[in-house]
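Trainee: In case you want the letters, here they are:
Number of protein chains: 2
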Amino acid sequence: MAKNALRNFYSVIPAGGIGSRLWPLSRADAPKFLHDLTGSGSTLLRATWDRLAPLSGADRIMVVTGRAHRAAVEGQLPEITDHNVVLESEPRDSSAAIGLAAAILHQREPDVIMGSFAADHVIGDQRGFRRAVTEAVAAAEAGYIATIGITPTEPAIGFGYIRCDGALDIPGAPNAVLAESFVEKPDLEQARAYLDDGNYLWNAGMFIARASVLLDQLGRSRPELLASITELAEAWDTDRRGAAVDAIWPGLEKIAIDYTVAEPAAAAGRLAVIPGDFDWDDIGDFGAIAKLHSGGRKSDLAILGENARVLADTSSGVVISQTGRLISLIGVTDIVVVDTPDALLVTTSQNAQRVKAVVDALKLSGRTDVL
Amino acid sequence: MAKNALRNFYSVIPAGGIGSRLWPLSRADAPKFLHDLTGSGSTLLRATWDRLAPLSGADRIMVVTGRAHRAAVEGQLPEITDHNVVLESEPRDSSAAIGLAAAILHQREPDVIMGSFAADHVIGDQRGFRRAVTEAVAAAEAGYIATIGITPTEPAIGFGYIRCDGALDIPGAPNAVLAESFVEKPDLEQARAYLDDGNYLWNAGMFIARASVLLDQLGRSRPELLASITELAEAWDTDRRGAAVDAIWPGLEKIAIDYTVAEPAAAAGRLAVIPGDFDWDDIGDFGAIAKLHSGGRKSDLAILGENARVLADTSSGVVISQTGRLISLIGVTDIVVVDTPDALLVTTSQNAQRVKAVVDALKLSGRTDVL
Chain Y
686 MAKNALRNFY
696 SVIPAGGIGS
706 RLWPLSRADA
716 PKFLHDLTGS
726 GSTLLRATWD
736 RLAPLSGADR
746 IMVVTGRAHR
756 AAVEGQLPEI
766 TDHNVVLESE
776 PRDSSAAIGL
786 AAAILHQREP
796 DVIMGSFAAD
806 HVIGDQRGFR
816 RAVTEAVAAA
826 EAGYIATIGI
836 TPTEPAIGFG
846 YIRCDGALDI
856 PGAPNAVLAE
866 SFVEKPDLEQ
876 ARAYLDDGNY
886 LWNAGMFIAR
896 ASVLLDQLGR
906 SRPELLASIT
916 ELAEAWDTDR
926 RGAAVDAIWP
936 GLEKIAIDYT
946 VAEPAAAAGR
956 LAVIPGDFDW
966 DDIGDFGAIA
976 KLHSGGRKSD
986 LAILGENARV
996 LADTSSGVVI
1006 SQTGRLISLI
1016 GVTDIVVVDT
1026 PDALLVTTSQ
1036 NAQRVKAVVD
1046 ALKLSGRTDV
1056 L
Chain W
686 MAKNALRNFY
696 SVIPAGGIGS
706 RLWPLSRADA
716 PKFLHDLTGS
726 GSTLLRATWD
736 RLAPLSGADR
746 IMVVTGRAHR
756 AAVEGQLPEI
766 TDHNVVLESE
776 PRDSSAAIGL
786 AAAILHQREP
796 DVIMGSFAAD
806 HVIGDQRGFR
816 RAVTEAVAAA
826 EAGYIATIGI
836 TPTEPAIGFG
846 YIRCDGALDI
856 PGAPNAVLAE
866 SFVEKPDLEQ
876 ARAYLDDGNY
886 LWNAGMFIAR
896 ASVLLDQLGR
906 SRPELLASIT
916 ELAEAWDTDR
926 RGAAVDAIWP
936 GLEKIAIDYT
946 VAEPAAAAGR
956 LAVIPGDFDW
966 DDIGDFGAIA
976 KLHSGGRKSD
986 LAILGENARV
996 LADTSSGVVI
1006 SQTGRLISLI
1016 GVTDIVVVDT
1026 PDALLVTTSQ
1036 NAQRVKAVVD
1046 ALKLSGRTDV
1056 L
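Chains as they are written, first to last, in the numbering used here: chain Y, 686 to 1056; chain W, 686 to 1056.
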């Protein structure tokens, strides 16, 4: 165990989603987590790994990803061992992905506390993050399923929220509160009300729990899914793994863990929330990238891309260049330009959420060559 | 002489300007006149030729162009003979280009009436154009330098204007009026006043005159320039042409024919204007292309490019695609996107005039690879 690592703690990184709202940057073969969207020089996946390594130890980080991304993931994480790579033969959503990781870890270490963290989020304040995870692990030790809820800084409409209830009294987790319920992405009016109310935190999709507790909760809402992943996990570290994956994985129900674990746990009073006062973003669209790079100011044009050549009188928005072509912007404010070898996107920060509609339209029309 | 061709008439097409406001479509090696901006399938140069052939005969159209464009011009005009190609070793502006054409034609045919028409303008109504040129040739026969002034349909700020005076009494030119003066591109308030006034026509840069009259007018304002081009013209159809070009051409004054011929002729009461009631555009910027394709409506997105793949919820503006890449536009109205292999422009119709500033900035910074 690495120095200062949390006892019994194991990190899990589900690296699955493509990030359709970041098309044409994010693609089936180049999903969001494989991009450096912060200009730090690290991909989001690598940055997530580096953030978790001090908490669990670098040898205790499991990545769940698609077979197609194996090489790219191992390229980003050269220190990862096969032991810590769980490959999906096809996407079955987060209940299956995180549930299987939990079941494998539980099989190996019955007392393990796992923390699941998306591969494609951005956190600036590493100390704040570590402090919150440490409290979350304490809550997990106390038997809760814990999540970290981010203190809102604005009435965001792109995130889901967690409505919090009274304080919990958990040793080592002085800030823990009980989750009352999860609420979907609100409209602006609702979001403002949530901000004023003060009891709503952003749902950052982080889940920390004993693997056994998480599996128990999953089994209450989806007993068949639990039975299947338990069977798969039992075969995992044996020579029956391949056959079990082929037989079981494609039949698993596709459903987000929010519905099978988080919401039922909240309803049952078993979900603890650690408020996180650190900066966090899921970079859900290009507007978020623009904001990230301008540091909240409205006056900076964010430019991403190693060989970007941009000539602009435009002082806001974001340009992502993958081609090295000269990009010239005249009189267009708050613009989003994503320049890739086979597809070009032009939109604005305000319309950035609508990028997914383009991806849907391309799918419908069969133009999948650029997806 | 072709059937129905005008007597003694010779067309001249100066094919020189790059069209900097249409960068990155127009380049030093692919100037505006070599592009199909109307979606007709013809380049502007070819369309100009086809418009003039019935007036002068196809064997009586002279093209003045840069050496670098010879192959492209001959590719567009396979029927042109060397006799009708005047190659500039370097650009010396329109007084030299049109003056040399006049001097060569005058050397060959002392009575020739020449008409000079830009290679990169668009005219839809061919009958209206022919009617106006026929009157202009009649005015030229009567000793005037004639121009065709376009009846304004809106308070355009992208064109120069001709202020007209009283009617002239010229046989065969019943609509001819005297030009009082030329006025530079106005601001919107001035342009509105011109439109209300009714005596202002758009300057379409068409000049029709006996070559001898045009040369005489040039000699009054620029005697040295006239002497030089006369010397060059005398050598033109001899084996001394090459040496004369090398010796004389680079030293010619660079000045637009507006200043050396048109304005002095107007001031001297020698400039006749034939009002042209046909549609005309010099397609000075991408806004003009958008307008041309929408037929004046604000609701159409113009798409140009053989292999254009555009997915847009945008209903106004223009997309020019040279790459075959998928271009996706979301929530951007009145947008201009020009997608070329090495340079991308994103602007709006309203800002289209400012494209030239980008070209100037690129020149200043030495990034001439994309010019």
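Take these hints with a grain of salt, some might be off.
Just the calculated beta-carbon pair ranges, DEER-fashion [what the hints assert, rightly or not]:
#1 SER1000(W) / ASN992(Y): 28 to 38 Å
#2 GLY702(Y) / SER1000(W): 23 to 33 Å
#3 GLU775(W) / ALA753(Y): 55 to 65 Å
#4 ASP962(W) / SER1050(Y): 53 to 63 Å
#5 SER1000(Y) / GLU874(W): 40 to 50 Å
#6 ASN884(Y) / GLU874(W): 50 to 60 Å
#7 PRO1026(Y) / ALA878(W): 47 to 57 Å
#8 SER1050(Y) / ASP721(W): 58 to 68 Å
#9 SER1050(Y) / ASP735(W): 23 to 33 Å
#10 ASN992(Y) / LYS1048(W): 18 to 28 Å
#11 GLU938(Y) / ASP721(W): 49 to 59 Å
#12 ASP1054(Y) / LYS1041(W): 50 to 60 Å
#13 ARG1039(Y) / ASP985(W): 51 to 61 Å
#14 SER1000(W) / GLY724(Y): 33 to 43 Å
Chain Y side only, calculated, beta carbon under 7 Å to chain W, not exhaustive [claimed, not checked]:
#15 SER774
#16 LEU880
#17 LEU1011
#18 VAL1022
#19 ARG1039
#20 VAL1055
#21 LEU1056
I should point out that these hints are in silico values taken from the structure, not numbers from a laboratory. Just so it is clear, CB atoms sit at the ideal spot from N, CA and C, and this is done for glycine as well.
Trainee: Which hint numbers does the structure go against, in order from smallest to largest?
Mentor: Those not satisfied are hints 4, 5, 8, 9, 12, 13, 15, 16 and 21.
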